[in-house]
Amino acid sequence: MARQALLLVGLLASMLATLIGCGNSARATPELGTVHGKISLNGKPLPNMLIRFETDETHNSFARSDSEGFYKAMYFVDLEGVKVGPCTARVSFDPSLGIKNVPARYSSESELKFIVNSGHNEYDINMTSN
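So for the sequence shown, the numbering used here puts the first residue at -2; every next one is plus one.
Mixed in with the good hints, there may be bad ones.
Derived Cβ-Cβ restraints for the label pairs, each shown as a range [to be verified]:
| # | residue 1 | residue 2 | range |
| --- | --- | --- | --- |
| 1 | Arg49 | Glu119 | 28 to 36 Å |
| 2 | Ser115 | Thr85 | 14 to 22 Å |
| 3 | Pro92 | Gly116 | 30 to 38 Å |
Think of the hints as simulated: they come from the structure by calculation, not from any bench.
Note that CB positions come from ideal geometry on N, CA and C, so glycine has one too.
Turn these sequences into a full structure, and let the hints guide you.
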């Protein structure tokens, strides 16, 4: 019985060490710049819009606009930012808004390209329906 308890304690300690070690590498982040702004359609603020910020890495940042159209990009749920460098923003919508679609120039074929700098970046997304 004592041998089984010792084995169990050793196994748990090993698992804990692995989790702690992996946790740090999993949260490794590149240099980030904060990105925030306002999204509108034909000059009217758009709430609950989803914005994906794509960079040259596989991890994208995301944002959701608030009731007044303001957003801030998040790299992780608890970490604000977008990787520094070239970026493409892609907009999608919440179907409850009654918007039938987002024009391709703002979504699948996005023309929303900009450079994210270290520090604070304000990037307003002013979409038009034409």
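Going down the list of hints, with the structure as the test:
1. Taking the beta carbon of each, Arg49 and Glu119 are about 18 Å apart, not inside 28 to 36 Å as hinted.
2. The hinted range of 14 to 22 Å is satisfied by Ser115 and Thr85, whose Cβ atoms lie roughly 19 Å apart.
3. Distance hint check for Pro92 and Gly116: the Cβ-Cβ separation is about 35 Å, which falls inside the suggested range of 30 to 38 Å.
This entry does not satisfy hint 1, going by the numbered hints stated previously; all others are met.
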